[in-house]
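Undergrad: Residue-level listing of the chains:
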Amino acid sequence: MKNKILTSCLFVALTFSSCSDFLDVKPTNSADASTQTITTVADANVIIRGLMSKMASGNYYGRNFMLYADTKGGDYTITSQGRGYDYLYVFNHSETSNNYSSIWSQGYNCIAHINDLLVQIENLKAAGSSENFDTVIGQALTARALIYFDLVRLYGKPFNMDKNSFGVPITLTPLSSDAKLTRSSVNEVYTQILKDLKDAEPLITKPTNASTLANTNGFLNYFGNKAIQARVYLYMEDFENALAAAEEVIAFSQYKLYTNDTWVSSWSKQFGSESVFELAIYPNEGDLGNSSLGAYTRRRGNPNNTIAAGYFTSSTSFLARLNEDAQDVRKGIMTTDELSTTANPRHGAIYKYSGSVGLDGDGKGNSTAVNIKVIRLSEVYLIASEAALRKASPDLTKAVNYLNQIRKRSPNLTPASNASINIDLIDAERSKELIGEGHRFFDMMRWNKTINFDDALASVSTIHRAASIDRTFHKTILPIPLAEVNANGEIFSQQNPGYRN
Amino acid sequence: MNKHLLTSMCIMACGLQVVNAQQIPIAGKITDQNGTPLSGVTVSIKGTNVAVTSNANGLFTLNADQNATLIVSSIGYVSQEIKVSGRKTVNVSLSSTDQELDEVIVVAYGTAKKSTFTGSAANINYAKDAKDVPVTSFQDALTGRVPGVQINSTSGQAGSTTSIRIRGIGSMNASNEPLYVIDGVPIVSGQVSQMSGYTYNTNNVMNTINPNDIESITILKDAAASSLYGSRAANGVVLITTKKGKTGAPKISFKSSLAISPDWATDNYEKADIQDQINTLYSVLYDSRIAAGRTPEQANEQTLMRLNSRNWTPGTSYGTANTGYGFGIHGYEFSTEGTSMFEHVTIKGKTDGVENRDGKYFNWDDVFFRTGKYNVNDISFSGATEKTNYFTSLGYTTDKSRTVLNDYERINGRFNFTQKLSPILDFGVNLAIANTELSGFNDTRNTSTNYLFQSRNLFWDFYWPTDYKSGNTWTTRYNSYAQNQVYYNNEWENGTGTRRLSASPSLTLNLLPELNLKTIFSYDQTTSRDHLYYSANHYTGANDMGIVHEMNTDLRKLVSSTTANYTKSFGLHNLGVLAGFEAEKNTTDFMRTTGKDIPNSQLPTVATAGNLDAQAYAWGNSIMSALSRVEYNFDEKYFASASYRTDGSSKLSPENRWGNFWSIAGSWNLAKENFIVNIPSINALRLRSSYGVNGTLPSDNFAWRALVTYGNKYMQRPGGGLGNSPNPNLTWENNYSTNIALEFGLFKNKLFGTVEYYNRDSKDLLQDVPQSMITGFGSSVRNVGQINNKGVEILLGSDIINKQDLKWTLSVNAASLSSKVIKLNGGAEEEIIWNDPTGGDARSRYIYKEGQSTLAFYGIEWAGTDQTNGKNVWYINDGTAGDFEFNGRGATYTYTKAQRVIIGNGIPKFTGGINSNLEYKDFSLGLNFVYKIGGELYDAANRDVADDGYYWERIHSQDFVDNTWTPEKGSGYYPMISGRDLEDVNQISSRHLNPADFLRLKNVSLSYNIPSNVLKSAKISNARLFFNGSNLLTFSKFKLADPEVNQYSTRGWETPIAKTYTFGIDFSF
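Chains A and B, in that order, are what the protein sequence lines are.
The letter at position 457 of the first sequence is residue 457 when you use our numbering, and the numbering goes up by one with no holes.
The letter at position 1001 of the second sequence is residue 1001 when you use our numbering, and the numbering goes up by one with no holes.
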């Protein structure tokens, strides 16, 4: 009897250990942010890798941002309506529908990530840490500048159009969940971008040789920072500074332009000699498979008919531009699209993000896990050329020289000369060189040019825009997403014009 | 028995109880209500430990004081207390519990007589009332039976589980589900499997419980009944009691039934006939050409080109022929007489292939749907002696739903056992095992896996599984993301196998007659193993050359509960005290392996894959509690009770971790008062009321702490980042409940019932609140304010006929509900806008605003179709006159100009049921109706089939075709079709709101007890044949689809529920 009672007491006691431990339950896949995350530079680099991964997400550089800039720029068209993302092409977005909110949310998620990292480093320093976090801070600030630059281009008017109009909200510190920020002006955002880039400049890793450069593959380095500065100054039309920043990148001996022989094959390799900033997409990481960026510009049904895809192809005007020289090396990354027939071949499908027209990928055994080349040396040359041409006292020789380094990829075209160089030549070269890389629409906006859409090709009809638009059209900037407006009443009255009436 | 006599004599000898004893020998016979002798019945002397049991002939003898009171008890029968009053022969007839009005019900941490219980609890005798209803999960069978308990079964998927809402809506963040307690132990409920991260599915672990093992269910509704469960009781508590053995000879029972579901319960967005479909598509495409600036001739020509595609040679065409789409590739040819927008399109078969499809269309419904079959086989052995009680069962259930590939299978075992170890120590153990296999998840708006959506919107009858030209299998995807399911159904697999093992041993120590100690230790392990495979031929798997995921989720729940119970009577004063403590630990381990590059489609295993990826981690939570209760009554006339519980939870920060929950209650049994006793027409009359506090915990385990997660691998190295927007101030949601009830029985129960009022204030409401994304996150869990639910619940019943051979009981129940936001922490100006969390498609939107309903639909207000031009009209609702006046209000044709407002309310005014039970000799007929009055339902599926102008190959419904505005008719409910890329239909707007009222004959059951004289020769003691019909009749204003919607009052593309016909037999021997 006693034993039985004893047993039952034991039975009860067995289930308890210490009381406070019992109620302190932690997950095993995440760490307590306040106590466990960072103490060393190696820890901080884990967070930087997380940041790069988030920037490479399909919501941002991994797909959406790139698609946005190309589908709206006039160099892309569609072969049929209703397949998905064609609302970008026909500008069918409103506050509630197709508002592309994932760019807004992903961008600010990355910024929150950066702000938290910077605060944690501040705290460690304040607590007397002897670790040197400079390179981490430099990367974080540079990334923050790039993200604000992207956001202000999506949601604000071009800097040279109305810099005092609404840009995007700026936050440099972690926010509590009930924070409700309002929009800063375009000018204030650009000021912050430049401040971050300048603050980062002395801290970020500056490669000096092939080996130190390779260590920054997949991450931002000093020249990435400089190239972003060149871009930002170009958008601000501060051409002196744009040229200076671009030339510093060009001067670094480890970066080399692809030759005409290696240009096409460069797409099937990671971290080529032109990659100033390249985001890595690996299988089992950011690879989006059938819905990856590359799949959206392939020929429909390639490699097999089970993949629907085939959403976008090149516009007729773009193909005409590229075909000015039948031997243009850049035709090597393009092949027949779904409208192509034997009688009327049409090489409109773009395979930059499939590695090659043979779907080789870039060396990871999968044709959709292909790195995103965010900044290439070719772009830096074109920035340098444009800045040299447009600065207060134009340097035509430099402008011609930098342009021709790229223009020679059309071997049969007459090189530009001091007499012939103009903005249209640079425009055409940027179009041919950078198609699919997230530039065209923003270029057209800052140049204040008219975009003509190739609606005729597939008889596309739309009530959401005209066949030709320019930056006075209100839908050239995105609406603040409804989810933001709903949660943040303060921003309600700051919606971009035209979206509520 | 001798030993017991000895024991009792021994105790008596010690003089504990009996002083001045005048012992007399007493003998008697115990029978059931039909006069059959009952063996094993315990006869004890009240206030002593003296007890004997009846023998095989129902006879017993014992010695007792001539003024003693005998307690005659047996499991399954109502206990009786009989005063000896000097008699030497005491014959007793016991009635079985299921025949008794004043039943003993299971309540929190014990049992109570229904007539004396101070709280609000509804008891369902499941084994009697609901046993024939063909359900895989017991909740479905409760629908319409309990006032104030809303059971929402919206999916007809095999193995799906319905939700229960008790007295309105509490927290939107917490699961909102009640706490389930089986035989005294809180259990795992909700979704265990992690498959939802890969493919939308509904797989609630509650479907591992075999309904046939359930004896009764008690639903605790008010604070007095449920506050003893503290922090998890706010959404009500469902206590499930499983079967036990009954005293007497061992019994073997067998039950088998087969149910078939040949059809849906209602129409579901029925598609237009093929001619109407093609005419509509023609008009849409035509209009898009006109919009692009073409002449009518060009528009007609291009539209026909688009419809015909392959091998169709346009005349003086504009644009390029595209072979990628159109129906020509399936062997059809289209032409029109004229060139207007509304032409009759002539369909002809092409003769250039191996098959001429002229006049022939493929019926895809035959591929997607079948006659559902549901089969149950249960066998149980049970029995009891004075010392031992056992019930053991084995069940096998299969459910093949109306949609193909959606199968459910369950094997159940249960072993309930109690044993007296000594006069003061009882040991018990309940063991349950279950294995369920569920496959074919396809329950949300998904173009490639939702069969209802596909059949109604995507699959034209022009599509065929074979190529008309060659006769070969068609492997290319059709347009609108349709694909040949005949082929693709073999190119993927999904399924979840759940194994559950629970064991809850208990010990009860009867230290004193008044005092016992009980300890239960429960171990509940649920393992879900998910398998998801796409072959290299499937478009989802093509890029990876075949992909297979294997996931393992292992949930362990440990509960330890120890209580002490003291009951004592002092004259007419009766006192009961309970105290105890409880600890619970929940741990989930998750593992996933993914294999890509599968070499052989016959071997979809990770082992054969060329490329592997894995994931593994764990999470969990713990609760610690102390609890107590005091109950007192005077002469069973005046009752009072109070309870108190304190809970500590790991889900909240150390500062906010502990919460206190309590209740007080009282009742007054008026029927015992002299001034009522004399009124013969009143059989029962009781007033009771309660007030108390209980709580709700957030569903998220770690919402209070800032987390860095490591899900952002980069370049094959770890990457970390901020994982959430933490809320360190997160605290309990507290519910303050008031309950007042009047129970009555009049005219010998010709009329009986309960009228009950409740008021429930939920303060510090937990809500996953959307937040400004500038913070880096889209939402966080917060305590946002206060909501109120209140209502009146009425149950009225009548034993209309109560004769030996003919009995008819009718009861009606109704519950009114008002659910409002009372206060928001941000004040009267604050608006919290949130999305329907069900279905994964943000199908509807709601707003919390002070003074408004908790389910206030928020969107733009559709004014209807302008009958002069067929355009959508929207009320402007911004205080301006709008672009024009419509029905006397400012309106516009441009939806972006319309201001969002509250457009409707998802809370019904009344819900309830009507139940009728007729017994004639050996036949019984039961009818179970369920109804809902008031409120609106948001129909998020119709937008796909009533689109104003989608120019891709999507089907419109017959309803849309019939009711769309055309210039010819000059009228129509829906706007004129358009090819202009309209987004109007996709807005969250009142266009999709419908009245939610309905009345449904949920169940009809007919059974026949085969007379015992027929059975005797076969040595069968009991045999019964039964039929049940489910969902046979539905009446509703909403005609497009099933009006029975989910708890958020929305409908998407859930698999509809079916009409089900069940035939079965059960017998025991």
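Honestly, the hints are just simulated from the structure, not real lab data.
Predicted, not measured: the structure shown is a model, and the values here were computed from it.
Even glycine gets a Cβ: it sits at the ideal position worked out from N, Cα and C.
Take the hints with a grain of salt, since some may be wrong.
Okay, the calculated bits of chain A under chain B, using three or more residues with CB under 8 Å as the criterion [unchecked claim]:
#1 85 to 96
#2 134 to 144
#3 272 to 286
#4 366 to 376
#5 460 to 474
#6 477 to 489
Undergrad: If a hint holds in the structure, say so; if it does not, say that too.
TA: Structure-based check of each hint:
no.: 1; hint: 85 to 96; in the structure: holds (count 5)
no.: 2; hint: 134 to 144; in the structure: violated (count 0)
no.: 3; hint: 272 to 286; in the structure: holds (count 5)
no.: 4; hint: 366 to 376; in the structure: holds (count 3)
no.: 5; hint: 460 to 474; in the structure: holds (count 5)
no.: 6; hint: 477 to 489; in the structure: holds (count 7)
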